[in-house]
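The listed protein sequences derive, respectively, from chains A and B.
Residue 2 is where the first sequence starts when you use the numbering used here, and the numbers rise one by one after that.
Residue 962 is where the second sequence starts when you use the numbering used here, and the numbers rise one by one after that.
It is possible that part of the hints are untrue.
[What the hints assert, rightly or not] In silico lysine-lysine, DSSO-like type, Cα no more than 30 Å apart, as pairs:
id, chain 1, residue 1, chain 2, residue 2
1, A, K721, A, K806
2, B, K1202, A, K833
3, B, K1103, A, K815
4, A, K806, B, K1009
5, B, K1103, A, K721
6, A, K817, A, K833
7, A, K817, B, K1009
8, A, K815, A, K885
9, B, K1210, A, K817
10, B, K1247, A, K817
11, A, K355, B, K1202
12, A, K806, B, K1250
13, A, K896, A, K845
14, B, K1202, A, K817
15, A, K745, B, K1009
16, A, K721, B, K1202
17, A, K833, A, K433
18, B, K1244, A, K885
19, B, K1202, A, K806
20, A, K155, B, K1103
21, A, K625, A, K591
22, B, K1210, A, K815
23, B, K1202, B, K1103
24, A, K896, A, K16
25, A, K817, B, K1104
26, B, K1009, B, K1250
27, B, K1103, A, K177
28, B, K1244, A, K815
29, B, K1104, A, K745
30, A, K817, A, K745
[Said to hold, decoys possible] FRET-style restraints, in silico, Cβ to Cβ:
id, chain 1, residue 1, chain 2, residue 2, range
31, B, S1093, A, R50, 52 to 60 Å
32, B, A1174, A, K871, 17 to 25 Å
33, B, A1148, A, G801, 30 to 38 Å
It should be emphasised that the hints constitute simulated quantities derived from the structure, not laboratory data.
We treat Cβ as the ideally placed atom computed from N, Cα and C, and that holds for glycine.
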Amino acid sequence: MEEALQSVSSDSAVKAIVSEMQQPFASGSTVSIWRNTQLFQPEAAITSRDDASGHFWRRFRNAYRYGIQGIAVSSPDASGTCSVVVAEPPPHVSLENLRTILPDATVFRQQLGHDGALFDVVGTLSGDAAAIGNALRKLNKLLYWTDYKAFVYKEPFKPNPLDARLFKVNVDPTAKELLSWVSADGGKLTIADSSESITYDELRKRPDSVVCSLDSKDLVLWWIPTGTVFENCVVQARQFALDSDLIVGAIQSNGLVLCARKRVAPYDVLPPLRVETLALLASVKGQAHLFQTYNDCGPGAGDYDAEWNWSSITMSPELLDTEYGDLLNVADQTIKGWSEAGETVDQGFENYPKPADFPFNNRALSDVVNQDDQNSSVTFNWNTKGSGHAVAFQSGTVYSPGVTGSLSVSYISGRASEDDSKIVRLEEEGYKYFSTRGDATITRVNQYTIISQIFHNLSGPSVTEPTPKITRVDDALIECAVELIKKLDSYDESDIPRLADGDPLGARYQKSNRSGKEPFSKTYLQALLLDGLNVWQHLSDEGKSEIGPSKYPSEVGDEQLNSLRLLMYEAGREIDGPEIIDARTRPDGKAWVHTQAIAFTNSGPNKPDAIGGHNLDMPLKTYKIDEELGSGEVRVADDGSITVSKDFESKIANVQRDFDRGSLEGESITDAEARLKGLLDKAETVPERSADTVLGSADLPEQSDGFKSDSVAALPTVPKITPPADVANVFAASADSPNILVVKSGDYFWIGGRGFHPVPTNGMSDAVDATIAKVQAGGSGGIGGGGEPPNVEFKNFDSGGDEWKSFMGEVRRKGKGQGLPDEVLAIFGKAKNRINLSDYDIAKTKIEVGEVVQEAGRTTQTIDFKLQPKVATLKETIIRIVIKFHEKATELTRKVLGKALAGRWAQISTEGAQPGADAVQVFGRELRRLQKMHDFDFEITVTANNDDWRIAENRSRRLGVEV
Amino acid sequence: MKSSECSLLLALPLTESQYDRAIGRDSDFLRTNRYGAADWSRYEQIAKSIRSVCKECADLEVGVVYDARSEDLTEATRTQQVVAVVAHMRYDLLRAENVIDAGGFQDRVDSGMEPEFQFVRTLFHNRPSFESRLAVVNWLIKKTLYDFSVPEESSWPEAERLLRQAPETLSMLRFDLLRFESLFGPAIVRPAKVVELSSGMVTGPDFETAIHASFRGFLDLSLCHSMPLGSLIGHRRPGLKGHIGVGKKTAFAEGAVVMFLLTMMLLNQRGSDGLSYYEAKTKMIKAAK
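Please model the entire structure based on the sequences and the hints provided.
Below, the structure written as structure tokens:
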């Protein structure tokens, strides 16, 4: 062993080969969340049709006017035909895909606000109940990659976002409580879609992502191991979304445990979170800030007619045409509308259900704030200030959302003199009102924001392909700005002040742009606009030369972007901004959700413009508990990290919001420490509560998986096909194997593995397809962990025959086009096909590297590893590697390969394989990698205690034949 | 391997007299195919084109057999290493008139433990009538035909690929007539005549029986949806598993013979290097794609 290890470090050629064996594993995922290609023709979408399906869609959308994803099915007519609505399919599904199940599918458009749209696919299904049920399961599978708990919406449709209030959506678990509930001794976790039961400690050692329920606490946990690729756990994401209805926090410890309340609300009240939105949040987890804003600073924005004024809607480019972006728009109209006592309404949202009462004693906020100045504006913002935070305990860092009912609220008065304390009081009143409203949209926005913060601050999953960035609104605004600059060029300086049409531009600008000191002139305005354009970096050289040279005002600084928008607002009436925006922001058919670019708002008589949006900051305050710190002590470090003494542990939840909201820009560390200590000293200890009490489980109506609503129907469970006893026994014997098993029995191949029922196939071609699908679906639970797919084990095949090798050849041939990695191994054996290295005295392993032998035109080399057992009841285990060099193999390869393999095995066996992985299989997979670079075939034969097995791989793939 | 070790059996009418004879026996091929069956003048160009390719095959010393019958299949599989059959095959449903023993049929459907029967039962709600059972069986046979038409391999995006698995908890079984005939057995279901040779329609088992018992070579079935027939032969002759070429989709005679000719040409160039018929044809298909 020592000698083998030594050669790795001393012989550069050996070292090079060992290094090649350990190259990073290429992800095998072929799941695409976003195709970013045209999925349908939006211009062909219709808004009505006078037939049964058209009427059914209308009834569905009259009920669900805003975002909803899912499948709705009508009762069958006399001929057995039913109408099917696939509402807002996810962005990996095209109309063509849907037509494979709904051949007569047509796209319908539901208008959203002024220019937004939701696209649905409407078709019919015919046949008996079983045929229709089967097709609906296929639809579920197509939309969500799984038919786990497949369901459909059915009539009577009776949604009301405010019904969510019945299910206590505003809960406030503390970090300490979450940790205590989840890690309590003896808690058993049941894995979704399986009867497997594990402990919390066992969960955190699993290499694969799983969803499980902690029934004793009514919690659902989604385990996301560190390094997880989202595309490899889309099924778990869907399971989590179905099994839970409220995200309540997360724990980071060896990976991420996302915690949620076990679903009590029916799907039509709190619909499952969308997988693609969760993927979006994973994709943007590196960003510190996301935003959405209805601003009145678009070109020409402002008064449209006596009733309406309009504004452009901008948001983070990743959010355009997504559910999250759409939700932010919908939530935006609620904060404005309800804060204004229902007097402010956005076009297209007139039918959004209104609460029975409004905040501020049913007075409009603008009246409360601007009592003597009706022309002052008010900005209504959702934000994350003072909501989520994290506490670093010894056993893990825990995220607590504060409350789950809504984001924080901020109101910004246009009156410079407005009293800060009054605004803060109104903000708290507004926050309390919205967080306890129980509105499904507002809650859902907060749910996604909570997950964003968790993914950003803890170890969220990554994505292989980032979400598309869409800049069409910005592009349209740039075009407006260019038009405006050109227009300004034709004016005299004396024209500039009256461009604001009675609202002196200078006064307006001075009010909103604190750094604006330069006298307003045509040149200044042009320069400001051009500077803003450069910020966006979209203007072509040609465009710049057309505008001509300009002077850059140094005062513009960081506020140039806002200045640009403001100026476009003021001067923009000179051009037809709405037309430009409208023409350039039409749906492109790459997503089924089309977010609005323009909002029309009716603020009511004598009311100022209502500006609003979302400022979603991802960084959190993290409180570290330090038992060494003296009682009552608080430390704030230069980097903002906070450490508090153990006795403050139970008070953090009570002070976090005030401390976070009270942070002032430029606050010194000493001041921050003093302020926090003051808050903690005064705060009361939060008594530890039970999960039932906090989550409300005990008081809520029993819903059982969300099916109890009469608007939701679970699809009938598909009975599983029972394998014959001999096949069942093989699967039972290999229950703990992470590999995919192919078991031959008569004319059938049964494909199975850990966590799923064996699937029968009656032809090799289908068996190969099923194997590829299962290997890829098993991505995160693979032999090597870290997203590696499992290997394929062949059982009940003739050891001497070619059938299993032909089978594997087909798996490789077909799988290659589907992204199946080369490293997946074919393993032939009867029993467990694993060795437990801890049974052996590794240091005493005998390594015998044979000579390179030329015989009968073949060049071979044999390397034996003889493992010596620790106990007498075990016999010596021999791992034999036979290398068959191809003619093309270089002299150097022939010379050092044996030594390199000996050295690498010595490394692996000394260091141990990753949890759940078999060392020999890991070694075999590395040999497959090496095959890509060198020319040889290999066979590994393991002769162990009644458990002989082998891995055989050829450099050139074998081709099987379909029969 | 060389082209001289291969045979090409054509069971389609390629001359006017063969055409007339086929019309006389009410050829299923001419009745159902898209060329415009009852009009030799429309079919003639296709026949001429196939004959022309076959002549080139014959020039390469391929044993070309026109107007192929069962006995020609027997003879070719007795003497040659590779036998390619270009013939018509009907993808048929299980017809009520072929159910000899309705009681036995119902018993098998209701209690058979083979995965196919377990699957059929999942589609019942109550105890259905014989007609309903038969309708379910035929619905599954049609579903498999649909599955055959689904594109496969590398062009599959994830979504399309998954369609074939749903509901994955159940199975990825194929349900074709020949499979059901095997499962029920001839005492319950009379095998249907689905393969058309020049001597007339034969059943799947008849076709298998016509393959010479000593045959160990490669049988290339250029028939429409020949996978069920290949599976049947493989199940009845385990020794031939892995030595039968089949297709899931509709086969086109002109394409099949052109591909065969190209394979022969490649074999004559590379056969001495140990290239097998299967490998040569795979290369040609790949190149064509």
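Has the given pair, B:K1210 with A:K817, been kept, meaning a C-alpha gap of at most 30 Å?
OK: B:K1210 and A:K817 at ~22 Å, within 30 Å.
Given pair status - A:K591, A:K625, alpha carbons within 30 Å
violated, 45 Å
Against the 30 Å threshold, does the CA-CA distance of A:K817 and B:K1104 hold or violate the hint?
Holds, at roughly 27 Å.
Between the alpha carbons of A:K817 and A:K745, is the straight-line distance 30 Å or under?
holds, 24 Å
Has the given pair, A:K155 with B:K1103, been kept, meaning a C-alpha gap of at most 30 Å?
Holds. A:K155 to B:K1103 sits at ~29 Å (cutoff 30 Å).
B:K1210 paired with A:K815 [C-alpha distance capped at 30 Å]
holds, 17 Å
Quickly compare the C-alpha distance for A:K721 and B:K1202 to 30 Å and report which way the hint goes.
Since the Cα atoms of A:K721 and B:K1202 sit roughly 29 Å apart, the hinted pair holds (cutoff 30 Å).
Does the alpha-carbon distance linking B:K1009 and B:K1250 stay inside the 30 Å limit?
Holds, at roughly 25 Å.
Going straight from one Cα to the other, do B:K1202 and B:K1103 come out at no more than 30 Å?
With a Cα-Cα distance of about 26 Å, the restraint between B:K1202 and B:K1103 holds, given a limit of 30 Å.
Holds or violated: A:K721 to A:K806, with C-alpha atoms at most 30 Å apart:
holds, 29 Å
Does the alpha-carbon distance linking B:K1103 and A:K177 stay inside the 30 Å limit?
Not satisfied, since the Cα-Cα distance of roughly 59 Å exceeds 30 Å.
Is the straight-line distance between the alpha-carbon of B:K1103 and that of A:K815 30 Å or less?
With Cα atoms ~25 Å apart, B:K1103 and A:K815 stay inside 30 Å; holds.
This entry does not satisfy hints 4, 7, 11, 15, 17, 21, 27, 31 and 32, going by the numbered hints stated previously.
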